[in-house]
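**Q** For reference, the chains in residue letters:
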Amino acid sequence: EADIYQTPRYLVIGTGKKITLECSQTMGHDKMYWYQQDPGMELHLIHYSYGVNSTEKGDLSSESTVSRIRTEHFPLTLESARPSHTSQYLCASRTGDQPQHFGDGTRLSIL
Amino acid sequence: AQSVTQLGSHVSVSEGALVLLRCNYSSSVPPYLFWYVQYPNQGLQLLLKYTSAATLVKGINGFEAEFKKSETSFHLTKPSAHMSDAAEYFCAVGVSGTDKLIFGTGTRLQVFP
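Those sequence lines, one after another, are chains B and X. So in this note's numbering, the last one in the first sequence is 111, and the numbering has no gaps at all. So in this note's numbering, the last one in the second sequence is 113, and the numbering has no gaps at all.
Keep in mind that the hints are not guaranteed to be accurate.
Stated by the list, open to error - PhoX-like, lysine-lysine: derived pairs with alpha carbons at most 25 Å apart:
#: 1; chain 1: X; residue 1: K100; chain 2: X; residue 2: K58
#: 2; chain 1: B; residue 1: K57; chain 2: B; residue 2: K17
#: 3; chain 1: B; residue 1: K57; chain 2: X; residue 2: K100
#: 4; chain 1: B; residue 1: K31; chain 2: B; residue 2: K57
#: 5; chain 1: X; residue 1: K69; chain 2: X; residue 2: K100
#: 6; chain 1: B; residue 1: K31; chain 2: X; residue 2: K69
#: 7; chain 1: X; residue 1: K58; chain 2: X; residue 2: K68
#: 8; chain 1: X; residue 1: K49; chain 2: X; residue 2: K68
#: 9; chain 1: X; residue 1: K68; chain 2: B; residue 2: K31
Rather than coming from a laboratory, the hints here were simulated on the basis of the structure.
Bound conformation, chain B alone (with noise of 0.2 Å):
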């Protein structure tokens, strides 16, 4: 069952829009994380949280941002979209030594 939410599942939206993208999760997990997926490609990491507050950029460079208001949400925006941002974007989250557990992902297409 899904316990890691995100929304909306897809987007298709224009050049220049503000987005964000939900991650919500109802496990009380302390750290969370967005990857990036582009088709055929492994997943890179490019935010994480270790808890409200905490916000760390991970391995690929992203021009979104995060924040961590509290623990069980973990939205991801971008200020002005492009389309080299079209991609998929997986929310996952963990807690203790736990392995992470990953929501269904956002398909998001800029036109």
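Please build the complex by placing chain X on the supplied structure of chain B, with the hints as guidance.
**A** Quick look at chain X alone, frame taken from chain B:
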């Protein structure tokens, strides 16, 4: 630095045949290794994980993987493929001292009737 390499971006098998998906890792410390499966239009689901407790790890859906230090491998197998096994499979290694995962490029498994 740690890394994983998945050999074969596409694997095709007949229903009922053995599934073998290859993963080799590079790590200077004992690694934490994972196999995830991704069905179309979904996120990743954990199949199994290796954390040094046992070299043969059994996962969900009949999959298992064997950790072989001498070969730096963690190949995923299933004795008999089912049509529902068609998906993308990712091998990943936990980065030592962090909570990060490094993923391989994935292997797409096709199962033919």
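**Q** Next, verify each hint and record whether it holds.
**A** Outcome of the hint check:
{"no.": "1", "hint": "K100/X to K58/X", "verdict": "holds (23 Å)"}
{"no.": "2", "hint": "K57/B to K17/B", "verdict": "holds (22 Å)"}
{"no.": "3", "hint": "K57/B to K100/X", "verdict": "holds (12 Å)"}
{"no.": "4", "hint": "K31/B to K57/B", "verdict": "holds (14 Å)"}
{"no.": "5", "hint": "K69/X to K100/X", "verdict": "holds (22 Å)"}
{"no.": "6", "hint": "K31/B to K69/X", "verdict": "violated (30 Å)"}
{"no.": "7", "hint": "K58/X to K68/X", "verdict": "holds (15 Å)"}
{"no.": "8", "hint": "K49/X to K68/X", "verdict": "holds (14 Å)"}
{"no.": "9", "hint": "K68/X to K31/B", "verdict": "violated (30 Å)"}
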